[in-house]
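Chemist: What follows is each chain in one-letter form.
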Amino acid sequence: QQPVQSPQAVILREGEDAVINCSSSKALYSVHWYRQKHGEAPVFLMILLKGGEQKGHEKISASFNEKKQQSSLYLTASQLSYSGTYFCGTAEKAAGNKLTFGGGTRVLVKP
Amino acid sequence: NAGVMQNPRHLVRRRGQEARLRCSPMKGHSHVYWYRQLPEEGLKFMVYLQKENIIDESGMPKERFSAEFPKEGPSILRIQQVVRGDSAAYFCASSPYPLDTNTEAFFGQGTRLTVV
Numbered sequence: 001q002q003p004v005q006s007p008q009a010v011i012l013r014e015g016e017d018a019v020i021n022c023s024s025s026k027a028l029y030s031v032h033w034y035r036q037k038h039g040e041a042p043v044f045l046m047i048l049l050k051g052g053e054q055k056g057h058e059k060i061s062a063s064f065n066e067k068k069q070q071s072s073l074y075l076t077a078s079q080l081s082y083s084g085t086y087f088c089g090t091a092e093k094a095a096g097n098k099l100t101f102g103g104g105t106r107v108l109v110k111p
Numbered sequence: 001n002a003g004v005m006q007n008p009r010h011l012v013r014r015r016g017q018e019a020r021l022r023c024s025p026m027k028g029h030s031h032v033y034w035y036r037q038l039p040e041e042g043l044k045f046m047v048y049l050q051k052e053n054i055i056d057e058s059g060m061p062k063e064r065f066s067a068e069f070p071k072e073g074p075s076i077l078r079i080q081q082v083v084r085g086d087s088a089a090y091f092c093a094s095s096p097y098p099l100d101t102n103t104e105a106f107f108g109q110g111t112r113l114t115v116v
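Protein chains in written order, with the numbering used here: chain B, 1 to 111; chain L, 1 to 116.
Take the hints with a grain of salt, since some may be wrong.
[Claimed, not checked] Below, simulated DSBU-like cross-link-like pairs (lysine-lysine); rule was C-alpha separation at most 30 Å, straight line:
no. : chain 1 : residue 1 : chain 2 : residue 2
1   : L       : Lys44     : B       : Lys26
2   : L       : Lys27     : L       : Lys44
3   : B       : Lys68     : L       : Lys44
4   : L       : Lys44     : B       : Lys59
5   : B       : Lys37     : L       : Lys27
Read the hints as simulated data drawn from the structure, not as lab findings. Quick caveat, the model's predicted, so the values are computed rather than measured.
Produce the complete structure using the sequences and hints provided.
Modeler: So this is what it looks like as structure tokens:
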């Protein structure tokens with residue numbers, strides 16, 4: 001089942017922060033975060049395996065609450081290059097080795 | 001090490017023709033995944049293959065679609081008798097290990113199929 005992402009879209013000024021949430025109704029093994037720019041391939045940002053784990057990539061970090069089956073992506077001091085659509089991909093414990101992606105969150109960072 | 005290579009990048013087919021999409025995974029990767037993306041939408045899982053075997057095809061339409069990953073050569077996604085609703089971007093991803101390990105999936109640039 002597809003994870004639910006919120007918000008669907010967010011507009012930021014350069015330097016502002018944002019949080020993107022990803023929620024699943026299934027028990028998860030891992031959560032993967034990707035960013036896709038228009039007309040391009042999704043680019044891997046980070047993977048979170050353990051409950052409570054937090055990881056970072058530049059000023060982008062994420063957390064994973066395994067018990068709540070939720071993950072959040074934090075964009076800190078956003079840069080223009082952060083614009084794009086962010087997808088969370090979940091690997092469900094009962095669903096084998098594939099990623100099921102959420103509907104995406106469109107992020108636009110303005111100068 | 002070249003990334004995941006997909007070809008063609010753009011493919012135009014008339015209704016009723018066949019479309020063949022190719023994906024060469026990264027060197028050393030034996031796990032391949034195909035996804036479909038409609039404009040302004042998310043990535044929908046289609047099929048997961050591991051060298052010569054289809055592991056999970058739960059996202060594949062029952063008719064007209066097939067996939068293979070032979071021992072030698074690229075993975076092929078084949079769509080027979082295409083219809084306008086097949087128009088989409090098709091992405092291939094690969095990984096060296098199954099995704100229930102600490103492993104990321106690398107995506108190709110996609111093939112944009114247009115059915116006219």
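Chemist: Just pull the numbers of the violated hints for me, sorted ascending.
Modeler: none
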